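Protein chains in written order, with our numbering: chain F, 1 to 324; chain A, 1001 to 1324.
No lab work stands behind these hints: they were computed from the structure.
No experiment lies behind these values; they were computed from the predicted model shown.
Fair warning: there could be bad hints in the mix.
[As the list claims (entries may be wrong)] Here are the simulated DSBU-like pairs of lysine-lysine, each with C-alpha atoms no more than 35 Å apart in a straight line:
no., chain 1, residue 1, chain 2, residue 2
1, F, K92, A, K1207
2, F, K176, A, K1151
3, F, K135, A, K1151
4, F, K237, A, K1064
5, A, K1151, A, K1026
6, A, K1187, F, K188
7, F, K151, A, K1318
8, A, K1306, F, K133
9, F, K248, F, K93
10, F, K188, A, K1188
11, F, K248, A, K1064
12, A, K1237, F, K64
13, A, K1187, F, K135
14, F, K201, A, K1221
15, A, K1064, F, K187
[Unchecked claim] Facing chain A, according to a computed beta carbon distance under 8 Å, are these residues of chain F, among others:
no., residue
16, Y90
17, I131
18, D257
Glycine included, each C-beta is placed from N, C-alpha and C at the ideal position.
Letter by letter, the chains look like this.
There are 2 protein chains.
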Amino acid sequence: MRVGLDVMGGDNAPQATIDGAILINKELPKNDRLVLFGDRDLIAEELKQRDENPDEFDIVHAPKVIGMGEQPTRAFVQKPDSSIAKGFEYLKKGDIEAFSSAGNSGAMMVGSIYSVNNIQGVIRPCTTAIIPKEKEGITILLDVGTNPDAKPDVMYQFALLGSLYGKHVFNIKDPKVGLLNIGEEEKKGNLLAQSTYQLMKDSPDFKFYGNVESRDLFNDKVDIIVTDGFTGNVVLKQIEAMYRILLKRGLTDEFIDRMNYENFGGTPILGINSTVLVGHGISNDKAIKNMVLLSKEIAEAHLSQKITEALNTYVENKKQGNNN
Amino acid sequence: MRVGLDVMGGDNAPQATIDGAILINKELPKNDRLVLFGDRDLIAEELKQRDENPDEFDIVHAPKVIGMGEQPTRAFVQKPDSSIAKGFEYLKKGDIEAFSSAGNSGAMMVGSIYSVNNIQGVIRPCTTAIIPKEKEGITILLDVGTNPDAKPDVMYQFALLGSLYGKHVFNIKDPKVGLLNIGEEEKKGNLLAQSTYQLMKDSPDFKFYGNVESRDLFNDKVDIIVTDGFTGNVVLKQIEAMYRILLKRGLTDEFIDRMNYENFGGTPILGINSTVLVGHGISNDKAIKNMVLLSKEIAEAHLSQKITEALNTYVENKKQGNNN
Chain F
1 MRVGLDVMGG DNAPQATIDG AILINKELPK NDRLVLFGDR DLIAEELKQR
51 DENPDEFDIV HAPKVIGMGE QPTRAFVQKP DSSIAKGFEY LKKGDIEAFS
101 SAGNSGAMMV GSIYSVNNIQ GVIRPCTTAI IPKEKEGITI LLDVGTNPDA
151 KPDVMYQFAL LGSLYGKHVF NIKDPKVGLL NIGEEEKKGN LLAQSTYQLM
201 KDSPDFKFYG NVESRDLFND KVDIIVTDGF TGNVVLKQIE AMYRILLKRG
251 LTDEFIDRMN YENFGGTPIL GINSTVLVGH GISNDKAIKN MVLLSKEIAE
301 AHLSQKITEA LNTYVENKKQ GNNN
Chain A
1001 MRVGLDVMGG DNAPQATIDG AILINKELPK NDRLVLFGDR DLIAEELKQR
1051 DENPDEFDIV HAPKVIGMGE QPTRAFVQKP DSSIAKGFEY LKKGDIEAFS
1101 SAGNSGAMMV GSIYSVNNIQ GVIRPCTTAI IPKEKEGITI LLDVGTNPDA
1151 KPDVMYQFAL LGSLYGKHVF NIKDPKVGLL NIGEEEKKGN LLAQSTYQLM
1201 KDSPDFKFYG NVESRDLFND KVDIIVTDGF TGNVVLKQIE AMYRILLKRG
1251 LTDEFIDRMN YENFGGTPIL GINSTVLVGH GISNDKAIKN MVLLSKEIAE
1301 AHLSQKITEA LNTYVENKKQ GNNN
């Protein structure tokens, strides 16, 4: 398997990405190859400074960079030689099986939708966060920012996408889906949550638990928590803020340590015909490493194929009127 | 000043409310009186068990209780002898100047809107949470659940109400208002946040800082954070969940201690013609005490009069087309 990394992406690139690439190479099995997308000379120089052998990496020359502040669509189209555009070119050709970047996440989304394409039937791709359960294991929260104005049918699909991600990548048996709300009762919440509940109730496509509240984020009521991208992003950034405060104040333990975003490093863009991961702009080498290793696991689990199959069933169910 | 407490309200009533009443009486100045609403015999018995002199309290006999699960409007109308309905009766007559309950918050809202009434010009009353800043001081978050589907003009008023609460009750000079969003830039967020931003920009009614994110909840960028009741409730319950986890795990310090909801005990219902506070169902004696003492401070600050005056200016500004 060949997995790609955008060396130029992220606030700390290329130092953090090169350091991350070296860490990745130490953990990748012999048959796998890491493919670096970026300026060839820069990469060679950075590897040389670290006494690393450039032959250990495949390097695809991409002299341009899409900056963090650039308008995504325009930049993606106007810079075919950028590390992000090159990555998608290789992904589309099948020369790599996964592509990760801590750079301009908007441009990564543009590449995902226009170059790799949505899986047929998926209304809107989405992104996820991994939240540690206090006891053990994880909860998958989605969406976390890609769809700030999600509609009920889109939220319904998040539940399906999240369930498949949990099942095939994190080996969660029969994942339970909760709808994030401000009360447990069916009629609680805003209109979006109320309508989404009605769609999810009796779903044949996933195991619906019912409403959960933000106080349930860290317990084991459910495995997948579905919300709109606005609320999900607020929840995620609040966890990150609290983690950083606790770290700074020395108030950590085994559970708090598991809140560190570096442990997973990035989120797949769920619902597209390939494996694409986006990382935090502030990613360090450890985060970069874990993002790329996660991309390999997701590709190996054939997640996008699994989603494609499930979407076929979902469309069948809809046709037969079994559901919304 | 006479301040009222619903003795029958809350998961731990009447034990927690009676214990709280005793704590309140120790801290209330001589000229102030605590008025207890509830079953006279029950109150007398509870006080006797604690060797307290019933003459120290004013007791208003209210033999009925509105349960936590009762439909608020129906219960309020059908139980004029309940502690909540009696409290509002006294509040309306002017026999008490503030009324607090940890009971059915829906019934407290019904009483506020139908018995005490909205301040003229206020579209929707709202509720608040006090969040500790890491350095020192507090941030006021609103709404936290009363308006899950708030509209931009309602959110605009939250900013005004929150500013006045911060200024007159917490002595925050010239409070800065932030709009909770998922990015700092003007165009970020869902449609609600984007539209609200446009209304708040250049507001003559409060000091608008711009967008803030949930990572800014605990820092000193702003004093007032405005959001819809859905998002605000999610944020609040997440703070509470994290606080409980940290407490359980022994990961506390001076800052974490300040997250304890007991420190303020309750939230005023902002935007009505009197001082009404609602507390957490799980309130203990300390929370009850602090809620009632806060109600006294709010009444003494003449907050609802201050809001009435500001609303007049706001309506004037609107008429003159200075704003939205």
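Okay, the hints, checked on the actual structure:
| no. | hint | in the structure |
| --- | --- | --- |
| 1 | F/K92 <-> A/K1207 | violated (50 Å) |
| 2 | F/K176 <-> A/K1151 | holds (33 Å) |
| 3 | F/K135 <-> A/K1151 | violated (39 Å) |
| 4 | F/K237 <-> A/K1064 | violated (45 Å) |
| 5 | A/K1151 <-> A/K1026 | violated (43 Å) |
| 6 | A/K1187 <-> F/K188 | holds (30 Å) |
| 7 | F/K151 <-> A/K1318 | holds (33 Å) |
| 8 | A/K1306 <-> F/K133 | violated (46 Å) |
| 9 | F/K248 <-> F/K93 | violated (45 Å) |
| 10 | F/K188 <-> A/K1188 | holds (27 Å) |
| 11 | F/K248 <-> A/K1064 | violated (51 Å) |
| 12 | A/K1237 <-> F/K64 | violated (45 Å) |
| 13 | A/K1187 <-> F/K135 | violated (40 Å) |
| 14 | F/K201 <-> A/K1221 | violated (41 Å) |
| 15 | A/K1064 <-> F/K187 | holds (27 Å) |
| 16 | Y90 | violated (30 Å) |
| 17 | I131 | violated (11 Å) |
| 18 | D257 | violated (12 Å) |
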